[in-house]
Amino acid sequence: MNDELLQPLSQAVIDGDPDRARELAARALSAGADPLGAVEQVLSPAMEEVGRLYEEGEYFIPELVMAGEAMKAAMSVLGPEMVAREQVRSAPGVVVIGTVEGDIHEIGKSLVATMLEAAGFVVHDLGVDVPAAAFVSRAREVDADVVGLSALLTTTMRNQQAVIEALEEAGMRGRVRVVIGGAPASPEWAERIGADGYAENAREAVTVVRRLVGVG
Amino acid sequence: MDFLTRLKDGPVLVADGAMGTMLQAAGLPVGTPGEAWVLERPEVVADVHRAYVEAGADLILTCTFGGTRARLSHAGLADRVAEVNRRAVEIAREAAADRAYVAGDIGPLGELLVPLGKRTYEEAVALFAEQAAGLAEAGVDLLYIETMSSLDEVRAAVEGARRVAPDLPLTVTLSFDAKGRTNMGVRPEQAAQVLAELRVDGFGANCGASLEMTEEAVCRMREAAPGVPLIVKPNAGLPRMVEDEVLYDGTPEVMAEYARRFVDLGARVVGGCCGSTPAHIEAIARAVR
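Sequence order for the protein chains is A and B.
Start counting the first sequence at 0; every next residue gets the next number (numbering that gives the first Met the number 0).
Start counting the second sequence at 0; every next residue gets the next number (numbering that gives the first Met the number 0).
Among the hints, a few may not be true.
[To be verified] With the C-beta cut set under 8 angstroms, the calculated list includes, among others, these residues of chain B facing chain A:
| id | residue |
| --- | --- |
| 1 | Gln23 |
| 2 | Leu111 |
| 3 | Leu115 |
| 4 | Arg180 |
| 5 | Asn182 |
| 6 | Val245 |
[To be verified] In silico negatives: residues of chain B with every beta carbon more than 12 angstroms from chain A:
| id | residue |
| --- | --- |
| 7 | Asp97 |
| 8 | Lys178 |
| 9 | Pro225 |
These are computed hints drawn from the structure, not numbers from a lab.
The C-beta atom is built at its ideal place from N, Cα and C for all residues, glycine as well.
Using the sequences and the hints given, assemble the complete structure.
Below, the structure is given as C-alpha cells:
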C-alpha cells in the first residue's frame, strides 16, 4: 500500500476536508491501492481518531460532521471500485438506529450512525420521530443484531422503553440487543428499562455495539 | 420604564422559568410542541404565564421557542407561523398585564447550517425574520434569542430579527453544555466577543448542562465583555429519573443561591430554564431583591 497517499487521506478525514479526501482516494486508487484495504486500514482508523478527539474535548459537533462528510466523500470513490472488484467488507453486525417517537433531534443519532458505518457495521438509519413499531418491523426485516435508540428529551426517553417492550412483544428480544443514548439517558436508565447498553457519545456507541455483537 | 432603561439601570429583572416542562405537567402529550397549545389550549399557556408573574417574574417569554417555520412544520403548523407567534404574544401580554415585560422567544432551528447541514445562511435569516415579524407586529418589548449553540445561527437570528424589527431591543443567550462550551464547540468568551460586536442589548447563558457549567460560562463572558448586561436562565440542575418522574436536582433554594451569585457576577436578568417552576422563580425573586 502506498503510504505517501494513504497517510494524507487519513489526515484529510481527520481534518474534515471532503474535497481533499475524495481527491486523495482517487489518487490512491490510480496508484494501485486496494480499495477495501484503504477503507479498513485508513478510513476506519481515521474515524476512530476523530471519535477520540471528540471524547477528549478537542473536537465538537462541527468537526465530527465534517470528518463524516470527508469519509463519505472518500467512500464515494472507493465504494464503486470495491463493488467492481466484488470486494465485500465483512460487517461485524447489522444495526437499526433512530430517534424515538415524539423526538425530532437528529444530529447525535446521525453522528452515531456515521461512526458505526465507519467501524464497518451495516447501518439502517430510520431517521427521527420513529414509532416503536417501525423499529420492530425494520429490525425483523434486516435481521438486526442491535437496535440503537436516541432520545434527547426527558419526556421522550420513555419511548426508549416503549421500543424495548415492543421488541419483547414481538418475541425478538432474545436475539436483538438494544443500546440507548441521548442527553437525558444514563447507565441507570438503561438498566432500569432493560436496555443492553448505554453510550455517552458516538465513539462509545461503537465500543458498546462491538461488545454487544461479541467483537469488542 | 421602557425595557432597555430597566435592563441597564433599574432593579435586576427576574425572568420566568420553564414553559415546556410546565405544559407537559399539565398534560401536553410527548412529541407535541408547546406552540400547538398556543392555538388549541391558550388558557393553559396563560395559566403558566400567570403563575410566573404571581411568583414575581418581571419578564416572561412567549411560548414560541419552536416558532420558526422550520420547527412548526414538524407539527403540521408550517402555514400558521404568523398566527402562532401573534397569538402567543397576545396570551403573554394579557397574563403580564402591566406587571411584566413580554419577550418574544426565538429558539434554534434544530438544523445544521451549510456546510455542516443543508440549510443555507440566507434561508436561516429568512426563517428567523418571519418569526420575528410575527412577534414584533403583535407588540413584544424585546426579542429574546435563546438556547443557541452555533455562532452562524446566532448571526442569522440577529440579522433576521433586525431585518424586520430594527428598533426592538434584542438579547441572545447560548447553552453551554459540552465541556464548558456549546455543543458546537463555541467558547463563552468567543460568544461574548461576537455578541459584543453584534451590539445586542444583552447576552448570556441559558439551559446548559449544569449550574456550575453555566456559572463558569457567565464568568468568562463577563471577562471578555465587561459591562454588558448579562442574562442567566439555567436549567434547574440535572434531570434524573426517580420512580416514574423526571426530577431536576436544582431545588428552589439551590437556584436562588446561584441567582444571587449570577447577580454578583453582573447578571441583570436571572430566571430558570428546563425543570424550573413558579416555586423556583419565587425563591429567585426573593433572593435577588
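Each hint, compared with the structure:
1. Satisfaction of the interface hint for Gln23 of chain B is found here, the shortest Cβ-Cβ separation to chain A being roughly 6 angstroms, below the 8 angstroms cut-off.
2. A least Cβ separation of about 7 angstroms between Leu111 of chain B and chain A falls short of the 8 angstroms threshold, and the interface hint therefore holds.
3. A least Cβ separation of about 5 angstroms between Leu115 of chain B and chain A falls short of the 8 angstroms threshold, and the interface hint therefore holds.
4. The beta carbon of Arg180 of chain B comes within 7 angstroms of a beta carbon in chain A, closer than 8 angstroms, and the hint placing it at the interface holds.
5. The closest approach between the C-beta of Asn182 of chain B and any C-beta of chain A is roughly 5 angstroms, which is under the 8 angstroms cut-off, so the hint is satisfied.
6. Taking 8 angstroms as the C-beta contact cut-off toward chain A, the hint placing Val245 of chain B at the interface holds, the least distance being around 4 angstroms.
7. Every Cβ of chain A is farther than 12 angstroms from the Cβ of Asp97 of chain B; the closest lies at roughly 34 angstroms, confirming the non-interface assignment.
8. Not every C-beta of chain A lies more than 12 angstroms from that of Lys178 of chain B, the closest at about 4 angstroms, which undercuts listing it as non-interface.
9. With a least beta-carbon separation of about 27 angstroms from chain A, Pro225 of chain B lies farther than 12 angstroms from that chain, consistent with its non-interface assignment.
Of the hints listed earlier, the one the structure fails to meet is number 8.
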